[in-house]
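Q: Chain by chain, the residues run as shown.
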Amino acid sequence: MKTDEIITNSRQKWQIRDKTLIFTGLLFLVIILFTLDIFFGSVSIKPSEVIHAIFNSSDKALETIIFKFRIPKALTALIVGIALSLSGLQMQTVFRNPMAGPYVLGISSGASLGVAFVILGFSSQISPGSIQGLGNWALAAASWLGAGAVMILIMFISVRVRDIMTVLILGIMLSSGISAIVSIMQYFTNETMLKAYVIWTMGSLGNLTYQQLQVLLISVCAGVILNVISVKMLNALLLGENYATSIGLNVRFARLIIFAGTSILAGSVTAFCGPIGFIGIAVPHIARIIFRTSDHKTLIPATIFIGGSVMLLSDIISQLPGSDSVLPVNSVTSLVGIPVVIWVILRNRKYSGAF
Amino acid sequence: MEEKREILSFESLLIGYASGKNRKILLPPLNAIAYKGELIAMIGQNGIGKSTLLRTLTGLQDPLGGTIIINGNPISSYSRIDFALSIGYISTEPVRVSNMKVYDLVTLGRFPHTGWLGKLKGEDHDIIMDAIEKTGMQLFLKSYITELSDGERQRAMIARVLAQDTDLLVMDEPTAFLDIKSKYEIIHLLHDLSKKRGKTIIFSTHDLNIAVSESDKIWLILKDSFEEGAPEDLIIGGAFDQLFKDSLVRFNQADGSFTFRNEFKGNITISGEGISRLWTEKALNRAGYSVSSENAVMDIEVIKVPDGNKWILKNNQMIEEFSSVYDLVSWLSVNMI
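Chains as they are written, first to last, in our numbering: chain A, 121 to 475; chain L, 168 to 504.
Calculated directly from the structure, the hints in this document are not laboratory data.
Nothing here was measured: the structure is a model prediction, and the numbers come from that model.
The beta carbon of each residue, even a glycine, is placed where N, CA and C say it ideally should be.
Accuracy of the hints is not assured; some may be wrong.
[Claimed, not checked] Reference excerpt, derived from the structure (chain A facing chain L, CB under 10 Å, subset only):
id, residue
1, 362
2, 415
3, 467
The shape of chain L in the complex, shown without the other chains:
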């Protein structure tokens, strides 16, 4: 097996803002390494400093301490152009330039590769077309970027950063504002780029489910600590619960889902099989019941009938029959206070 190649590393990195003598350091010193071909999701609460960290890594903001090494050299040793040849960046700032075609946008990615007047050679054109093809934007080549959907524009932005041809890509919330389908498409594209093109990609996100299922590594930023590891390692270690410590949301270690800590109304038992049982349980959780035989206040039986399912609720006083989960939950909320 090939030796893993370090693309980016930082040590005792302090991020934050400095104005005059005032320094506002956002987080304790950070240490991490990103290897070639890794897709890394950065997760943390709003305002904790994800964007600041990404901006610091891309040189848009100076670190307040510590070192950042890219491809073996500290970032302070890079010239502007060499730095642009090593790291590409997509921010949350939407680019809406009217009359700009997708091709023109992607062409701007060649900026550090071209001469004084920005003249494109045949090779530049090939790289641009390759980036457009890789992101599935061939049909939009001549479209104006203001006329694209959010998902298409994000793909065009990724094509631009691909044309820049860097080993390392940094993206600030590439899936924000996208619908679910586009979110998955974008993350899948990033996954592909890291695996097939060997790109190292660091992106911040709030979509924990997507991050868990697609990324190789997660950087979890908490107020007083920084956790690094495969998503599964962080789940097993219980790190995600830290993320929701102060909120009503709870991360379910068993299946990677989220639940609200609702008001607890009692334990119930469910009998039945398969998908319908699973979703009935979810609905009852939402209504405030936990599945357990201990002191169960009622039993719900899910029965298959020819035209669907029916739900039978039994407790020591009564038996009720329902034809949908909705009816069951509505009845509970009215009758079982």
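If we strip away everything but chain A, and leave its shape as in the complex, we get:
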């Protein structure tokens, strides 16, 4: 037994060293992609000029591009990637469904509904310009509520329907239903508000003001903290409700904390960047493939790093480096995420119910 222990211990040390190595690599990847994202944009600027502009402010136009557009956009991409991926990870564990994600289960739609209520319903009371100040928080809060309401609805569905694919289809139905409600609201609203809403739905990573970025950053930090403190609860929930209860977890309380975290993460992103698909569902799977673990102590940081990288990469691709046209970032994330989702569906046919 003694030698066995030594072998086990040394093997564990190896694994810890492996893990540290991968995490260091991922950290460098995030830094490199973040830098590249600042370098590439619709106006082509040489890297040397970018560095010049950051350290000596001589060229006013260049400085504006870098500080007013590129850096906020790269920061937004990083935050959005982290937020959506973490919300996806939490949803997959809570619903025990590998196909769960903020976009496919309609959480983003719920957030859109919240936004629609604010922009189409109340912005006549608060003048269009006031969206800048307190309006940002109102927008975010409305998104959280919308996202949270859909989360609870999906929870009710998945308690009654065990089949993963059925829940998925119902999620799509839910999204369509919500879209229909938003369309009706659009039909009855006036022109200015409609325009404001349509611009929001096209929302990309680049349109955020510093104030909005601040709201996004604070909310996402809160969401990440809620996520980190639920690490033990998430691990217990992997076993399902009965086992989690039998080892002493207050399942209702755990769900409340996790739902709050997920709604804040997915809701805030949707409020300021519009619905962005397939990052939330795909990134947790990439993290599982790389680390081959189910332990959230590893999966949470892994999802943070990979989520940030994937979103930064998607943003770089959407800039079409070398050309001056820009793709909608939503299409890029779909193209990146969908292959992963298809792979998971095909692999999962072997043991349905597992993830």
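Got chain A sorted already, so can you dock chain L onto it with the hints?
A: Frame of chain A, contents of chain L only:
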């Protein structure tokens, strides 16, 4: 001798489901006691309420009446964590989490012992390794639970519940879906845990043979009664026959085996010795004949020959010779209607 310590008891316990004002009570009030170190098998027909009783004992479902006492305190007085420190549970629900290693699964058993973030201390690690060793899962420490066989996964689940370190373990059909070898290994493991570790284990099962040979006590759940006792006491008292009252299956009190109540075709006599005689008799029972000299319709003689056995069938009309039990029974089914 040490005083027997009560681990679990319930009195006038009513189990079932309540939704709104409708209460569906499954069984008459139940009373029983489980002592330290006892291995208790719960037996009853499908759908009679075994799982419901186990879920009620583990607090996953509220009782509709009566009291449940664990370690001297009613279960309603326990906090969530204290309750998880007193009773461990394995359900029939298979756990198939991909990318989860056996070690991770067993670690989850430490849930009620660790702090807010679930950080393991050295002592926790020792208990986890001990649980893995006790269940013989050392070689599978780093295996993914989705890649284990059903028997191995069940052992990993038992390791998890051992790591939870409770006096009382409750398991819902731990041997379902297992092959015969794994069934015996699992039950033997449970027997060992109850005897060497002093665990009180309550498990439901349909494997009457295993339950009879390995458990200290049987809780027999029938539609209108609840019988408690050593397996042998229940056999002597004829309680098992109650279990099969409405079916074609019959429990043989003499040797603990089961037989179908086949269509009776007549009495026969058998002469011969040892194992071959015994199994010939079993085959003839299956074919519908009982061994008795009263009004015997034929006599079968089992004779040892150098290269095996031969069977000679005699009645008042003929003599036939067969080289295997199969030939004998086949001939009977064709010629003796």
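Q: So, for every hint listed, does it hold in this structure?
A: Comparing the hints with the structure gives:
1. 362: holds, 6 Å
2. 415: OK, holds: residue 415 of chain A within 10 Å of chain L, min 6 Å.
3. 467: holds, 9 Å
The structure shown violates none of the earlier numbered hints.
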